[in-house]
Structures are given as C-alpha cells and as structure tokens.
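Peer 1: The residues making up each chain are set out below.
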Amino acid sequence: MSGDALCAVDKLVPICATLDDVLPIVGVLVGFQVLVLRRPLANPRRILLGFGMVILGLAFFMEGLELALFPLGRLMAAQLTAPEFIGAAADGGALVDAALDWRAYGWVYLFAFAIGFATTIAEPSLIAVAIKANQVSAGTIGTTGLRVAVALGVAIGITLGAFRIVTGTPLHWYIITGYVLVLVQTAFAPKAIIALAYDSGGVTTSTVTVPLVAALGLGLSSNIPGRNPLLDGFGLIAFASLFPIISVLGYAQLTALMARRRHEPERLGE
Amino acid sequence: MSRGAPRLPAQAVGALLESLRDLAPIVLVIGLFQWLVLREPIADFASLVIGIAMVVLGLSLFVQGLNLGLFPLGEGMAWGLARKGSLFWLLAFAFSLGFGTTVAEPALIAIAEEASIVAAEGGMIATDAAARDAYALGLRLTVAVAVGVALLVGVLRILRGWPIQYLIIGGYAGVVLMTAVAPREIVGIAYDSGGVTTSTITVPLVTALGVGLATSIEGRNPLVDGFGLIAFASLTPMIFVMGYGLLI
Numbered sequence: 001m002s003g004d005a006l007c008a009v010d011k012l013v014p015i016c017a018t019l020d021d022v023l024p025i026v027g028v029l030v031g032f033q034v035l036v037l038r039r040p041l042a043n044p045r046r047i048l049l050g051f052g053m054v055i056l057g058l059a060f061f062m063e064g065l066e067l068a069l070f071p072l073g074r075l076m077a078a079q080l081t082a083p084e085f086i087g088a089a090a091d092g093g094a095l096v097d098a099a100l101d102w103r104a105y106g107w108v109y110l111f112a113f114a115i116g117f118a119t120t121i122a123e124p125s126l127i128a129v130a131i132k133a134n135q136v137s138a139g140t141i142g143t144t145g146l147r148v149a150v151a152l153g154v155a156i157g158i159t160l161g162a163f164r165i166v167t168g169t170p171l172h173w174y175i176i177t178g179y180v181l182v183l184v185q186t187a188f189a190p191k192a193i194i195a196l197a198y199d200s201g202g203v204t205t206s207t208v209t210v211p212l213v214a215a216l217g218l219g220l221s222s223n224i225p226g227r228n229p230l231l232d233g234f235g236l237i238a239f240a241s242l243f244p245i246i247s248v249l250g251y252a253q254l255t256a257l258m259a260r261r262r263h264e265p266e267r268l269g270e
Numbered sequence: 001m002s003r004g005a006p007r008l009p010a011q012a013v014g015a016l017l018e019s020l021r022d023l024a025p026i027v028l029v030i031g032l033f034q035w036l037v038l039r040e041p042i043a044d045f046a047s048l049v050i051g052i053a054m055v056v057l058g059l060s061l062f063v064q065g066l067n068l069g070l071f072p073l074g075e076g077m078a079w080g081l082a083r084k085g086s087l088f089w090l091l092a093f094a095f096s097l098g099f100g101t102t103v104a105e106p107a108l109i110a111i112a113e114e115a116s117i118v119a120a121e122g123g124m125i126a127t128d129a130a131a132r133d134a135y136a137l138g139l140r141l142t143v144a145v146a147v148g149v150a151l152l153v154g155v156l157r158i159l160r161g162w163p164i165q166y167l168i169i170g171g172y173a174g175v176v177l178m179t180a181v182a183p184r185e186i187v188g189i190a191y192d193s194g195g196v197t198t199s200t201i202t203v204p205l206v207t208a209l210g211v212g213l214a215t216s217i218e219g220r221n222p223l224v225d226g227f228g229l230i231a232f233a234s235l236t237p238m239i240f241v242m243g244y245g246l247l248i
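Protein chains in written order, with my numbering: chain D, 1 to 270; chain F, 1 to 248.
Calculated directly from the structure, the hints in this document are not laboratory data. Check before you lean on any hint, since a few could be wrong.
Claimed, not checked - Some chain D residues close to chain F (C-beta under 10 Å, calculated; not the full set):
| id | residue |
| --- | --- |
| 1 | Gly27 |
| 2 | Thr167 |
| 3 | Gly168 |
| 4 | Val208 |
Just so it is clear, CB atoms sit at the ideal spot from N, CA and C, and this is done for glycine as well.
Using the sequences and the accompanying hints, generate a full structural model.
Peer 2: See the structure below:
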C-alpha cells in the first residue's frame, strides 16, 4: 500500500516497478525474522545498505535498458523479420517463396544467436549464481567460464527456437529431445556440477533476455504466413532455459575429460 | 566500515569496469546489426549514451549490493532457521518465499494476461474481460503455488540429501505426461511460465538460502546439495500450469 502511495507518479519514478516486485519479498523476510526467528540480524545496517543498492541498481539497470537498448533491439527484431527484409535477403526471389523458405532467415538466426549470447552475459541473476558457485567451489568453477557456457546454451537455444517458429515444427518435440539429452548427460557428468547446471536453466531468462527474445518471437510469428503470434510466439523462453543445462553439463564433461587425459585429479572449471 | 573506506574508490572503479565488460557484448551486437545489416542511423544518440551509462552504474550497484545485502541475508535466514530446528517453520518459510516472490512478478503478470487472450480466442473461456481477468489471476496463483511447492520440496531435498537428478527426472516425466494430455493452447504458455518465475532479486536470495542450508547441515556439500532450488522453481510451474489448463 505504501508502495502505491509512493508511486502515484508511476512513470516518473523508475524505482517503482522494482519496488512492487520487492515488497512481497521484504514482507516474507521481515515477517519470518520478526515472528519466527525473533533474533536481530547479524549486521542489519550493512544488509539494509546492500538491499538498497540492489533495488537502486536494478531500477537504474532496467531504466537504462529501456532508454537505450530495448527500443533498438525491438526495432531490430521487427525489421529483421519483416517480409521486405527477408525478401531482399533472399537474392530477389519471389517474396512469398522467400517467406516460406527457412534458409532466407540467415540474418535472423545470426541475430538470435548473438542477442541470446550477449543478453545472457549481462543477466544479473546469472552473475549472482556464478559468484555464489565460485565462492562455494573455492574457485574451481570460474565465474566467466560458467557464464560463457550458459550464454552459449542460450544462444543455441534461441537460434533453434527461431528456426522452429520459421519451420512451424511442434515445440514439444524439441523440448522432449532436449530433456532426453539432459537425462543422458546427467548420468555421465561429474556429480558436483549437476545441481548447478539445472539451476543455470532457470536463471538465464529474466530482466535482459526476456524482453528482447519475446520481441524476436513476436516479430517472427506475426510476419510468417501461417503462424499465430499467440500460439507460436511463446516457447522461445523455454528453449532459453533448456539449452544452458545441456551446455553447462557439456562444459563440465569436457573439462573433466581433459583433466583425466592429463592424468590430473578431477576438477571443474578453469 | 572505516577500514574499508580508503579502498572504496578503487573498488568502485573496478566494479564499473567489470559491468562495462559485461555489457560490451550486447552493445556490440546491437551496434553491429544496426551498422551492417539495417544501415539506418541511430535516431537519438544522447539517450543511447545516457541509457548505457545508467545500465553500467545499475549493474555495478546490484553486484555490490548482492555481497553486502542479499547473500548475507539469505544465508543468515538459512542459518537461523536451521538452528531453530523446526522443520515446519523452515518449510513454511520456503513456501512463503516462493509464493510471495512469484505472485507479484511483473513478467508473470504480463504472461498471464497474454495467456488469457489466447484462452479466450481458443474458446476455453468466455471472451468478456471479467472471465479473462479471472483466468489470468487463476494462472498467476497457480504459478505462485507451484514455485512455493518447488522451494518446499527443494528445501526438504537439501535436508534429506536426496540426489537432485531423481527429483528432476520425476519432474520432467511429469512435464512430458502433462504435455501429452494438456490442451495445445496452454503448452507454450506453460513452458514459458517456468522461465519467467525467478526474478533477479529472488535468485540471489534463494541461492543463498540453499547454499546456507547445505553449509549449516552436517554431511551436506554446498555445491552438490545447495544448488537446485531454482531448477525446481522453473520446473513445477510447467506441470501446474498444464494442470490448470486441463481443469479450466
């Protein structure tokens, strides 16, 4: 309620969207601290300062993205998927044929790959998980290595997702195949990485990735004949959460394999 | 605090540089595509520069705040609840954290609204606004309960030391089964709802909670047992949302 009063001017206060998101979390934390634990926090001023920095930081982050990068990214997704652009890219072929041929979408796939990789590297939740994984593993899991592995997974996932929308093949076949691959990898991957790899799937799709990827999905599905934006526009996010699991498990398998080849004790990461 | 003060400027500059490096790819990609493929001049260069500066500053603040506030907070609560030794309160906390952080999630509100339009067009519900709002609210509550259940089961798993893959495999089997029987219109929405549930503030808290729990309980490895909560939180919404699609 206090959030609503504070945010009466709404758009003028960028922090409000973040606050709305944060209030229930603060409610749960404070409620349990006061009612159940009944014990003061170890370092309340520091924690409050940190919480404030996180909220302020996210507000700046989102507002900056909305000001600078999102409009360009959305415009780009729309332009790259527009029939005129696809027609022009297809060496002057007839427009209808070009729109139906999946090969005419080369730039779209390249954009999907690049934007999937780039947005994931900048994803704050992934940075948080990578920092924690690095601390917990005593440095054996490198923050950069993990983030690059996840970003590659998202890039491949989004590219495949774009291909799926272009070709109109059913979403669940890709997802089920992906799951089967994850299961097989789980059986062979080093045990220590498994939980972290599964988590990587969930953290990739938040503040930066979703808006740009959703714009790409919407652009593709509304410009390709026979696609329904409401039916086919969904599903890209699912690709972006499935493929990082595969790439992180793969990354761990690769490093474990290389370590074994060198007759070194099994290690993870860099 | 007084001891850390002289180091602060250098640390702040380092944090800014790191954020700049994190953002370089996205700026590069959009810049290159603008220049090479679309070949249109950027309309508002000033707001582009200001926006990027804000993003860099925001990301630096966020990362600094994580280590100062969110990580100690999540770990402190995990320690406190583990020391209290009450399974009920620990599970109640896990459920409330999952439910509370999800129900107001802006990305979920957006997807629930879109889903209600799909449902109305597909003839699953009446086309008037009241029916759509009820459907969207039902979907939000479904996802929030799903995330609450996910954290509850995930915390129980950490306590008991169950291997994560059995639970995940069980969950996947549930997803595959539900995909086979759920209405086609809901499948894409259900898959996406798994991805949007974990917000940027929830993730560090939940990760710290899991790692803190696994650290405070003897015989648990923070790396093997501490992670995995986020994975559950992205899995159960898919099952629950397809169940919701079956019921409505």
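Peer 1: None of the hints should be skipped; say for each whether it holds.
Peer 2: Evaluated hints:
no.: 1; hint: Gly27; in the structure: holds (6 Å)
no.: 2; hint: Thr167; in the structure: violated (16 Å)
no.: 3; hint: Gly168; in the structure: violated (13 Å)
no.: 4; hint: Val208; in the structure: holds (7 Å)
The structure is inconsistent with the numbered hints 2, 3, although it conforms to all the rest.
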